[in-house]
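**Q** Listed here are the chains, written in short residue letters.
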Amino acid sequence: EPEVTQTPSHQVTQMGQEVILRCVPISNHLYFYWYRQILGQKVEFLVSFYNNEISEKSEIFDDQFSVERPDGSNFTLKIRSTKLEDSAMYFCASTSWSGTNSPLHFGNGTRLTVT
Amino acid sequence: GENVEQHPSTLSVQEGDSAVIKCTYSDSASNYFPWYKQELGKGPQLIIDIRSNVGEKKDQRIAVTLNKTAKHFSLHITETQPEDSAVYFCAASIGGSQGNLIFGKGTKLSVKP
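Protein chains in written order, with our numbering: chain A, 1 to 115; chain B, 1001 to 1113.
Each hint should be verified, as a subset may be incorrect.
To be verified - Quick list of the computed label-pair ranges, beta carbon to beta carbon:
hint	chain 1	residue 1	chain 2	residue 2	range
1	A	Ser-9	B	Asp-1027	16 to 24 Å
2	B	Gln-1014	A	Asp-71	48 to 56 Å
3	B	Gln-1014	A	Lys-83	43 to 51 Å
4	B	Lys-1108	A	Ser-96	45 to 53 Å
5	A	Glu-3	B	Glu-1015	24 to 32 Å
It should be emphasised that the hints constitute simulated quantities derived from the structure, not laboratory data. We treat Cβ as the ideally placed atom computed from N, Cα and C, and that holds for glycine.
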C-alpha cells in the first residue's frame, strides 16, 4: 500500500538554527498537510497546501514557518529560526482531494528536538 | 475556537471485553469524523471514519456512532485483543474539509491478556 514517507526520522538542532523537514506524499495525491504533536499532547493542524500554494494555516504557523513543493515529489516544512517550543513530532499527510471518500494518510513523522 | 473533547484519557480492559471512547465537538459545520490509531513511534493511522449523513458505521470489530444533534461521536471496539493496545484519537473536520482536522487529546487503550 502506498505510504507517506518522511525524513529524517529524528532531527536535533540548536535554538536559532534553520531546519527543513522533508516529506514524499503518496504519488497521486494533490493535497498536502503538516501537523505537529508536542510530546503527550494532541495532534495539531499547521498548514494545508494545494496547487503550489497554502490553502489554510493555523495560528501556530507563523512567519518562522514556510512550506514548499520544490519538485514533483517532495513537500518540505522549513522553520527559519527554531525555538525550544518547536520541539515536537511533525507529521506530513496527504490526500487525493479534499472532499469525501478521501481520508488523510499520515507519515511516521520527524521528531524535532531543539536544544 | 473549535474544539474536540475526548474521554477517557486512559482505558484498560481485559482481552475479549469491549472498549468505548467518546468525543464531543463544537463546530456545527463539521461533517467528517475520523478515528486514528497511533502506535509508538508511528504516525496516526486511520481505522474508521464517518460522515455527518450517517449515524453508524461498522467495520468488523470496530464501529463508530454519530449523534449530530448532540455533537458527539463514539468508537466501539468489541472482542479486544492485545494488539489493539495503542493511543486512539478522534478528530472532526473544520467545516467541510477532510484535511483540516481538529484532534482530541487521545485515549491510551491497554488490553490485558
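**Q** Indicate, hint by hint, whether the structure satisfies it.
**A** Okay, the hints, checked on the actual structure:
no. : hint                                 : in the structure
1   : A/Ser-9 with B/Asp-1027: 16 to 24 Å  : 33 Å, violated
2   : B/Gln-1014 with A/Asp-71: 48 to 56 Å : 51 Å, holds
3   : B/Gln-1014 with A/Lys-83: 43 to 51 Å : 44 Å, holds
4   : B/Lys-1108 with A/Ser-96: 45 to 53 Å : 31 Å, violated
5   : A/Glu-3 with B/Glu-1015: 24 to 32 Å  : 29 Å, holds
Of the numbered hints listed earlier, those contradicted by the structure are 1, 4.
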